[in-house]
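Asker: This is what each chain is made of:
Protein chains: 2
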Amino acid sequence: MRLKSSETKRLEFDMDLEAQWIVGFVDGEGCFHVSVNRHKEMTQGYQVLPEFTVVQHERDVQVLYALKAYFGCGVVRKNHGDRMAYRVRGIEHLTERIIPFFEKHKLKTKKGVEFQKFRKILLKMKNGVHLTPEGIEEIRDLKNQMNRLQYQRELVSN
Amino acid sequence: MRLKSSETKRLEFDMDLEAQWIVGFVDGEGCFHVSVNRHKEMTQGYQVLPEFTVVQHERDVQVLYALKAYFGCGVVRKNHGDRMAYRVRGIEHLTERIIPFFEKHKLKTKKGVEFQKFRKILLKMKNGVHLTPEGIEEIRDLKNQMNRLQYQRELVSN
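Chains as they are written, first to last, in the working numbering: chain A, 126 to 283; chain B, 126 to 283.
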């Protein structure tokens with residue numbers, strides 16, 4: 126399925142999402158992920174990259190555009206193969222748009238536990254904690270706890 | 126994770142689901158499936174088996190119990206490995222509980238297209254169409270259209 130941009134635009138405005146639908150959909154398909162990568166140009170030698178993503182087959186790209194419109198931030202990009210992803214990066218959008226939404230509208234699956242760790246990391250980053258070596262260690266600890274959950278989930282879906 | 130039955134019972138009543146959360150979650154994780162199997166004891170030599178399922182890792186079994194409580198039908202069973210499934214079979218429960226819910230609360234992804242075909246098959250079954258050779262053929266046609274979508278989805282998730 127290839128949609129012209131005018132067509133996705135139209136679909137985007139056709140789809141009215143309710144908060145609880147988003148919570149349910151993210152409970153199923155969403156991912157809160159943080160990576161800590163070596164990066165020579167960063168002060169501490171590491172770059173912390175938090176992201177919120179929802180991946181769908183391209184046939185359902187209009188749902189991703191609707192999420193983008195709802196949150197008023199993020200991008201819709203090709204993921205791999207015929208999958209598309211809605212992705213929000215950047216401390217500001219995550220702490221001002223995504224986190225308050227899921228604080229108000231609680232996730233019902235164990236993805237809520239993942240979200241709580243994600244939230245903790247983001248609040249630390251907002252306070253610049255990731256700019257100290259101790260902060261990087263704290264974040265790495267939290268991130269490793271998240272990844273254990275994600276690893277288990279990957280085993281399940283394969 | 127092993128939950129005692131008293132514990133799942135408690136969790137079940139703790140979790141209050143809203144219709145839109147269910148729609149979002151099923152847009153992500155639900156499956157409307159129909160199988161047509163050879164069965165010597167059936168009049169037409171075939172058995173038509175429709176089912177609505179939601180599969181989750183056992184850590185989120187309380188969500189499945191909450192769905193069961195919401196719809197007032199179906200069972201929660203081990204799927205395979207550490208996955209659990211909420212499953213509704215049987216023409217009556219499907220046509221009286223599941224189908225009216227998703228008629229009222231529209232799915233937003235292309236799973237809605239799958240649901241429409243599922244619904245058509247169930248309405249035919251309610252009228253006994255699956256008890257004639259032509260009916261079995263009609264159902265098989267609809268089912269094959271559904272399976273194309275499901276096959277594509279499986280390719281995506283692997």
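These are calculated hints, taken from the structure and not from any lab test. A couple of the hints might just be wrong.
Unchecked claim - Label pairs and their calculated CB-CB ranges:
(1) B:259 with A:205: 37 to 47 Å
(2) A:141 with B:200: 30 to 40 Å
(3) A:258 with B:228: 51 to 61 Å
(4) B:160 with A:183: 21 to 31 Å
What the hints assert, rightly or not - Dumping the calculated SDA-like pairs for lysine to any residue here, alpha-carbon to alpha-carbon at most 20 Å:
(5) B:235 with A:235
(6) A:193 with B:229
(7) B:242 with A:185
(8) A:231 with B:142
(9) B:235 with A:229
(10) A:235 with B:142
(11) B:235 with A:140
(12) A:235 with B:229
(13) B:203 with B:214
(14) B:229 with A:143
(15) A:235 with B:184
(16) A:235 with B:140
(17) A:229 with B:142
(18) A:231 with B:195
No experiment lies behind these values; they were computed from the predicted model shown. Ideal placement from N, C-alpha and C gives every residue a C-beta, glycine not left out.
Asker: All the hints need checking, so say for each whether the structure fits it.
Answerer: Right, here's what the structure says about each hint:
no., hint, verdict
1, B:259 with A:205: 37 to 47 Å, "holds (44 Å)"
2, A:141 with B:200: 30 to 40 Å, "holds (34 Å)"
3, A:258 with B:228: 51 to 61 Å, "holds (58 Å)"
4, B:160 with A:183: 21 to 31 Å, "holds (28 Å)"
5, B:235 with A:235, "violated (26 Å)"
6, A:193 with B:229, "violated (25 Å)"
7, B:242 with A:185, "holds (18 Å)"
8, A:231 with B:142, "holds (11 Å)"
9, B:235 with A:229, "violated (28 Å)"
10, A:235 with B:142, "holds (15 Å)"
11, B:235 with A:140, "holds (13 Å)"
12, A:235 with B:229, "violated (28 Å)"
13, B:203 with B:214, "holds (15 Å)"
14, B:229 with A:143, "holds (15 Å)"
15, A:235 with B:184, "holds (7 Å)"
16, A:235 with B:140, "holds (13 Å)"
17, A:229 with B:142, "holds (15 Å)"
18, A:231 with B:195, "holds (18 Å)"
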